[in-house]
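Visitor: Each chain, letter by letter, is given below.
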Amino acid sequence: MFKLSNKGTEFVKNELSRYESRRSAILPCLTLAQEENGGYINAEIISYLAHLMDIPESQIQEVFMFYTMYNKKPVGKFHVQVCCNISCAMNGGRELVQHLTKEFRVNDGEVTSDGNFSFSRVECLGACGGAPMMQVNEEYHENLTPEKAVHVLKNMAKGNSHGS
Amino acid sequence: MEVKHLTEHYDKDGYATIKGYQKLGGYENLKKALKMKPLDIINEVKASGLRGRGGAGFPTGVKWGFLPNNGEPRYLLCNADEGEPGTYKDRLMMERAPHQLIEGMIISAFAIGSPKSYIYIRGEYFYPKSIVEKALREAYDNGLLGKNILGSGFNHDMDIYSGAGAYICGEETGMISSLEGKKGQPKLKPPFPAIQGYLGKPTIVNNVETLAAVTLVIRDGAAAFRKQGTEKSPGTKLFSLSGNVVKPGNYEVPLGYKLIDLINIEGGGLKPGRKLKAVIPGGSSAKILNKEESEKATLDYECLAQMDTMLGSGAVIVIDDTNCMVDLLGVLMHFYHHESCGQCTPCREGTGWLEKLVNGIKSGQGKLQDIDLIETVARNMCGRTICALSDAAAFPAMSFVLKFRDEFEFFVREGRSKIKGTSYAKMHH
Chain U
1389 MFKLSNKGTE FVKNELSRYE SRRSAILPCL TLAQEENGGY INAEIISYLA HLMDIPESQI
1449 QEVFMFYTMY NKKPVGKFHV QVCCNISCAM NGGRELVQHL TKEFRVNDGE VTSDGNFSFS
1509 RVECLGACGG APMMQVNEEY HENLTPEKAV HVLKNMAKGN SHGS
Chain E
110 MEVKHLTEHY DKDGYATIKG YQKLGGYENL KKALKMKPLD IINEVKASGL RGRGGAGFPT
170 GVKWGFLPNN GEPRYLLCNA DEGEPGTYKD RLMMERAPHQ LIEGMIISAF AIGSPKSYIY
230 IRGEYFYPKS IVEKALREAY DNGLLGKNIL GSGFNHDMDI YSGAGAYICG EETGMISSLE
290 GKKGQPKLKP PFPAIQGYLG KPTIVNNVET LAAVTLVIRD GAAAFRKQGT EKSPGTKLFS
350 LSGNVVKPGN YEVPLGYKLI DLINIEGGGL KPGRKLKAVI PGGSSAKILN KEESEKATLD
410 YECLAQMDTM LGSGAVIVID DTNCMVDLLG VLMHFYHHES CGQCTPCREG TGWLEKLVNG
470 IKSGQGKLQD IDLIETVARN MCGRTICALS DAAAFPAMSF VLKFRDEFEF FVREGRSKIK
530 GTSYAKMHH
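Chains as they are written, first to last, in the working numbering: chain U, 1389 to 1552; chain E, 110 to 538.
Chain U on its own, in the form it takes in the complex (with noise of 0.2 Å):
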């Protein structure tokens, strides 16, 4: 049964008073909740932080479903989001996430057999001047090529958390 950790529960209970409405804290803590539980949220999450927060569990459903950063399935270790807006797809965004699939041996939304990596493509993260582009967990890998992002991920894989 999902729980939070000590810390977790804290950091939801000073969410709740930290803004002028309860309500606000949904979003902070859902991202706290995933961060939890290894990078997704699922219904038993939900239920279970609609009780510890004492906030309608459709409230939380809602906001859940609507924001595109609360993951419906389970990631990689390396969530490996890589940008196709038109920036990026005009500089090889697109060829990029094929390559890296094709590379790693697995499709689109799905983690690789060892739990590694799992690749989306995203809409624009706002480094179009650094196309193209990956964001893997909450670091930003801008100018690459299939060949160097390659590079980064077998490196992160092997321990080296920054992948250079």
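Just so you know, the hints here were simulated from the structure itself, not pulled from any lab data. Fair warning: there could be bad hints in the mix.
[To be verified] A short, non-exhaustive set of chain U residues, derived as facing chain E with CB atoms under 7 Å: (1) L1404; (2) L1415; (3) I1433; (4) F1454; (5) Y1455; (6) N1473; (7) S1475; (8) A1477; (9) M1478; (10) F1492; (11) L1513; (12) A1515; (13) G1517; (14) E1526; (15) E1530; (16) P1534.
[What the hints assert, rightly or not] With a cut-off of at most 25 Å between alpha-carbon atoms, the simulated BS3-like pairs for lysine-lysine come out as follows: (17) E:K291 to U:K1391; (18) E:K529 to E:K476; (19) E:K144 to E:K225; (20) E:K380 to U:K1536; (21) E:K471 to E:K384; (22) U:K1542 to U:K1490; (23) E:K132 to E:K121; (24) E:K527 to E:K400; (25) E:K141 to E:K336; (26) E:K141 to E:K225; (27) E:K291 to U:K1401; (28) U:K1401 to E:K527; (29) U:K1460 to E:K291; (30) E:K400 to E:K380; (31) E:K471 to U:K1490; (32) E:K243 to E:K380; (33) E:K113 to E:K356; (34) U:K1536 to E:K356; (35) U:K1465 to U:K1490; (36) U:K1395 to E:K243; (37) U:K1401 to E:K243; (38) U:K1461 to E:K291.
Don't be surprised by glycine CBs; every beta carbon is placed ideally from N, CA and C.
Model the placement of chain E on the given structure of chain U, informed by the hints.
Guide: Using the frame of chain U, we list chain E on its own:
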């Protein structure tokens, strides 16, 4: 040529820290402002002609003037939900000069009499957020936020709120919904946020660059601010240059600067052997300019409005002759369909239809009447919805088809792109 007013010290080490910022005159403008009357600050900002740098270009001082005098608490909300495709200037500003933003926000909050402000940062901006968070703590530690700021008697609290991935939250009422902990769906206007915004209270929403620019207005005065730019578009602005240029980047130039100079001088022109085909001058929601128009355009609100497009967020996307316009429109229509919040029928259905129609042509199954249908659907999406996303999807669709119709017709007739060797040709969507 670049004129670095806002970005003057962006390359200096330590400018993101309070010590480095103060060493170069930081927070002197706040001291000056706190000795002024709030109404005088609003009038100075009005006189400067500063216009919103996030996209709509509305005069900032005029917006502030809409606040009612009803004794209700009013909120200041900084829009750092940068998401307009092509735009990446606010990210730079937050990473390099978080105190410039905070100082501009405290001055603005003092001017409008606000006890509380939020910086709404898009969720993906983990790093910029960490820099702003650190700067915010420094500001509190130095008595620049909280109770009785610098002995002035003015109290103000500032906090950060993270988005969680939704383009629509860059729309000011969508952002307010999101800050309230809801789906980021825009609200009907009127009432405008200045009357009824966050939690139904008067709220001013300004872009990062706008709020940072307030420090310049206070430092130099309205008259000096107006020395750059044009009469109706005063000041300098950051432009995010991307696409097919040799040196993409953020460049600060006076408004009224020639678009083609930004591309050729700042951007280093196109790659050898490539020809300019089109430019999207103000983020993906702006109507596209063809080569001839791009060569004539100046980067100010009026010129681009006259050319039936807009300055928008200042995101200049340069497109060379190796790109297929049908392919690029498909990229954009996928985006707007994905980001439509689903409230209004013309947008929810229209964006889906536009994506389907363009994809139909891209797959070689298109008919000639589909090209007309794109135009009809797009026309019917304009001005009929709660927010501007519907129009923002329709503008590229209408302008791509109008100005590059030959490429759409070629694709329908031949079942393939007119442009040889495009990235699309290698793709299997």
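Visitor: For each hint, tell me whether it holds in the structure or not.
Guide: Hint check:
1. A cut of 7 Å between beta carbons decides the hint on U:L1404: the least distance to chain E is about 11 Å, and the hint is violated.
2. A distance limit of 7 Å between C-beta atoms decides the matter here; for U:L1415 the minimum to chain E is near 5 Å, and the interface restraint holds.
3. A least Cβ separation of about 15 Å between U:I1433 and chain E goes past the 7 Å threshold, and the interface hint is therefore violated.
4. Restraint check, U:F1454 versus chain E: the minimum CB separation of about 4 Å is within 7 Å; hint holds.
5. Contact between U:Y1455 and chain E, as hinted, is supported at the beta carbon level, the nearest pair being about 4 Å apart and thus within 7 Å.
6. For U:N1473, the interface hint holds, the least distance from its beta-carbon to any beta-carbon of chain E being 5 Å, beneath 7 Å.
7. With its C-beta approaching chain E no nearer than about 4 Å, U:S1475 sits inside the 7 Å limit, and its interface hint holds.
8. The beta carbon of U:A1477 comes within 5 Å of a beta carbon in chain E, closer than 7 Å, and the hint placing it at the interface holds.
9. Hint status for U:M1478: holds, given a least beta-carbon distance of 5 Å to chain E, under 7 Å.
10. With 7 Å as the threshold, the beta carbon of U:F1492 stays out of range of chain E, its nearest partner Cβ sitting at about 18 Å, so the hint is violated.
11. For U:L1513, the shortest C-beta to C-beta distance to chain E is roughly 5 Å, which falls under 7 Å, so the interface hint holds.
12. Look at U:A1515: its Cβ gets to within about 6 Å of chain E, closer than 7 Å, so that hint holds up.
13. This hint holds: U:G1517 has a C-beta 4 Å from the nearest C-beta of chain E, less than the 7 Å allowed.
14. Taking 7 Å as the C-beta contact cut-off toward chain E, the hint placing U:E1526 at the interface holds, the least distance being around 4 Å.
15. Hint status for U:E1530: violated, given a least beta-carbon distance of 10 Å to chain E, over 7 Å.
16. Because the beta carbon of U:P1534 sits about 13 Å from the nearest beta carbon in chain E, more than 7 Å, this interface hint is broken.
17. For the proposed pair E:K291 and U:K1391, the alpha carbon gap of about 24 Å is at most 25 Å, so the pair holds.
18. Restraint check for E:K529 and E:K476: satisfied, since their Cα atoms lie roughly 21 Å apart, inside the 25 Å limit.
19. For the suggested pair E:K144 and E:K225, the alpha carbons sit about 20 Å apart, so the restraint of at most 25 Å is met.
20. Between E:K380 and U:K1536, the direct Cα distance comes to roughly 22 Å. Compliance with the 25 Å bound is thereby established for this hinted pair.
21. Of the supplied pair hints, the one linking E:K471 and E:K384 holds, its CA atoms being roughly 23 Å apart against a limit of 25 Å.
22. A threshold of 25 Å between alpha carbons decides the hint, and for U:K1542 with U:K1490 the separation of about 14 Å falls inside it, so the pair holds.
23. Proposed proximity of E:K132 and E:K121 is supported: the alpha carbons are some 11 Å apart, at most 25 Å.
24. With a C-alpha separation of about 18 Å, the suggested pair E:K527 and E:K400 falls inside the 25 Å cut-off, and the hint holds.
25. Under the criterion of a C-alpha separation no larger than 25 Å, the hint pairing E:K141 with E:K336 is consistent with the structure, at around 21 Å.
26. For the suggested pair E:K141 and E:K225, the alpha carbons sit about 21 Å apart, so the restraint of at most 25 Å is met.
27. The straight-line distance between the Cα atoms of E:K291 and U:K1401 is roughly 19 Å, inside the 25 Å bound, and the hint therefore holds.
28. A C-alpha spacing of about 59 Å is found between U:K1401 and E:K527, which places the hinted pair above 25 Å, so the restraint is violated.
29. With a C-alpha separation of about 18 Å, the suggested pairing of U:K1460 with E:K291 holds against the 25 Å cut-off.
30. Distance hint between E:K400 and E:K380 is fulfilled; the C-alpha atoms sit about 16 Å from each other, no more than 25 Å.
31. Proximity of E:K471 to U:K1490 is assessed by CA-CA distance (about 24 Å); at most 25 Å being required, the pair is judged to hold.
32. Taken as a hint, the E:K243 and E:K380 pair is broken in the structure, with Cα atoms around 40 Å apart against an allowance of 25 Å.
33. As the CA atoms of E:K113 and E:K356 are separated by approximately 18 Å, the hinted pair is consistent with the 25 Å bound.
34. For the proposed pair U:K1536 and E:K356, the alpha carbon gap of about 20 Å is at most 25 Å, so the pair holds.
35. This hinted pair checks out: U:K1465 and U:K1490 have alpha carbons roughly 18 Å apart, not beyond 25 Å.
36. Straight-line distance between C-alpha atoms of U:K1395 and E:K243 comes to about 21 Å, which keeps the hinted pair within the 25 Å bound.
37. At most 25 Å may separate the alpha-carbon atoms for a hinted pair to count; U:K1401 and E:K243 meet this at roughly 22 Å.
38. Proximity of U:K1461 to E:K291 is assessed by CA-CA distance (about 22 Å); at most 25 Å being required, the pair is judged to hold.
Going down the numbered hints, you'll see the structure goes against 1, 3, 10, 15, 16, 28, 32, while the others check out.
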